[in-house]
Amino acid sequence: MEKILVGLKRVVDYNVRVRVRSDGSGVETDGVKMSINPFDEIALEEALRIKERGEASEVIVVSIGPSEAQQQLRTGLAMGADRAILIESADPVDPLTAARVFLELVNREQPGMVLLGKQAIDNDNNQAGQMLAAIWGRPQATFASKVEIQGSTATVTREVDIGLETIEIDLPAVVTTDLRLNEPRYVKLPDIMKAKRKPLDITPLAELGVGTATAHAEVAFEPPEERQKGIMVQDVAGLVEALKDKGLV
Amino acid sequence: MSKVLIIAEHDGATLNESTAKCVACANDLPDTEIDLLVLAKDGSGVAEQAARLDSVAKVRLIENDANEHALAAVLAPQIVALAGGYSHLFGPSTTFGKDLMPRVAALLGVNQVSDIMSVQGSHTFKRPIYAGNVILTVEAPADLPVVATIRTASYKSVSATNNAPVESLTDHTELPQHTRFVGLSSGSSDRPDLQSASLVVSGGRALGSAENFALIYALADKMGAAVGASRAAVDAGYVPNELQVGQTGKIIAPDLYIAIGISGAIQHLTGIKDVGTIVAINKDEDAPIFEVADIGLVGDLFKIIPELKDAL
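Keeping their order, the protein sequence lines are chains A and B. Each step along the first sequence adds one to the number in my numbering, with nothing skipped, and position 25 is 25. Each step along the second sequence adds one to the number in my numbering, with nothing skipped, and position 213 is 213.
Each hint should be verified, as a subset may be incorrect.
Some chain B residues near chain A, calculated using beta-carbon distances under 10 Å [said to hold, decoys possible]:
no.	residue
1	Ala-76
2	Gln-267
3	Ala-311
List time: in silico BS3-like cross-link candidates among lysine-lysine, alpha-carbon distance up to 27 Å [unchecked claim]:
no.	chain 1	residue 1	chain 2	residue 2
4	B	Lys-303	A	Lys-246
5	A	Lys-229	B	Lys-156
6	A	Lys-194	A	Lys-51
No wet-lab data here; the hints were simulated from the structure. Note that beta-carbon positions come from the ideal geometry of N, C-alpha and C, so glycine has one too.
Can you make the complete structure from the sequences, with help from the hints?
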């Protein structure tokens with residue numbers, strides 16, 4: 001195939017313990033470390049490996065987000081992507097609108113595959129990839145743990161609740177990544193310098209000509225109920241006694 | 001009035017427990033009428049089980065060779081063809097529902113409400129975000145169908161004392177050929193299913209190897225418990241992926257969860273938020289798992305597991 005499109009979402013770093021703003025209006029993101037969504041990093045790594053095997057010729061990273069998402073796209077370019085597209089939107093974009101943005105880019109770029117993370121670790125929606133496949137009318141292979149290309153088809157192993165499912169899909173198609181697909185490479189300093197010269201195209205979302213979907217109203221944000229701290233026992237006998245007290249054994 | 005269509009999850013022979021939990025969630029909507037949809041190759045057995053679930057008005061059954069395996073691209077158009085007249089379309093937050101329902105939502109031109117944990121009104125729901133560190137209340141547009149997945153750990157299955165009618169339908173939708181099932185490899189065992197078990201023994205990286213994980217299996221077997229694992233244990237190759245508990249694995253709610261050698265990353269803790277009693281066994285007394293454990297024991301798991309097994 002000629003091109004692979006990869007989505008990179010800018011999210012709060014997975015090591016940050018997020019907190020609800022004191023007025024309940026949202027999640028505190030001021031001064032918080034931001035990173036590429038980990039599943040998207042896996043998607044990019046997979047695209048690069050496909051290209052390195054000679055099965056694709058260009059890897060294009062795409063982000064929909066604020067101007068600052070250029071940082072994540074530059075990281076993607078430093079990992080090895082050939083060029084980047086930022087669809088700029090100061091406000092967060094709902095999954096269906098994101099899918100429509102990707103469909104517009106698919107129509108322009110005609111990729112053989114779109115590789116996305118199975119979910120973003122901020123909103124945990126797990127929707128955009130399936131939605132893109134739906135409105136594109138093409139196959140979806142979600143939660144991928146192995147991707148093999150055979151010309152105009154791909155064989156994908158998926159992590160499902162009862163084990164590993166393998167499906168065959170015609171290309172072009174959407175593949176969403178699970179954790180064990182690969183381990184993303186580290187970025188090297190010379191690559192960061194090189195990435196500064198790679199093309200990064202910025203288009204405001206409003207100029208893309210995509211109809212935005214109706215997002216759900218976000219009514220309230222609250223912290224989860226905390227579990228009460230329990231008791232410590234000194235030995236196995238104490239543990240068994242505590243379990244018996246609760247009627248569990 | 002809420003008219004709900006729930007997409008039944010099954011393996012061709014048995015209705016998955018997740019379906020009865022979706023019915024429980026739908027029951028929380030105001031003034032509901034609930035239909036179940038079974039898409040299968042030979043679905044009469046599954047439809048019969050579905051018809052027993054309490055609160056179900058009727059079961060709709062579409063039998064088609066193409067429905068032998070649950071391929072989202074094949075099932076979604078059949079669901080969309082039936083969607084007219086329903087205010088809500090629900091599926092479980094299992095890999096089946098997570099794969100399928102967004103495809104349905106997009107074809108209907110709506111966003112999906114993912115992982116409903118509580119119903120606040122006909123169009124208002126609570127759902128976890130940021131690995132469960134934040135609970136978000138969302139309101140879906142009142143004039144559009146609500147497509148949602150249900151966080152099964154938040155609901156208790158409805159009982160099965162009903163005898164709802166089963167209606168067989170013929171689907172005339174043109175189904176895509178571009179997605180084909182090849183195979184399923186399942187670590188099937190005689191142990192209880194992790195998702196629905198009332199007792200779970202779970203192991204982490206501290207087990208150190210796949211061989212040592214036999215200790216976890218032995219304790220689980222003694223207790224009649226299901227086996228789970230942390231992401232670290234799965235990544236290290238000690239156990240297969242389907243045993244992973246957490247944000248990106250299974251979200252479970254057994255009565256008792258024994259976490260052994262699991263430090264308790266937030267991504268893991270979100271998977272056990274609704275557990276009745278959490279027992280943590282870890283050699284590091286500062287491990288975050290002890291912050292949420294009901295009963296904690298600091299010590300060497302290689303000594304404790306055999307002792308515990310003998311004491312039970």
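Task: Numbers of unmet hints, in rising order - done: The structure breaks none of the hints.
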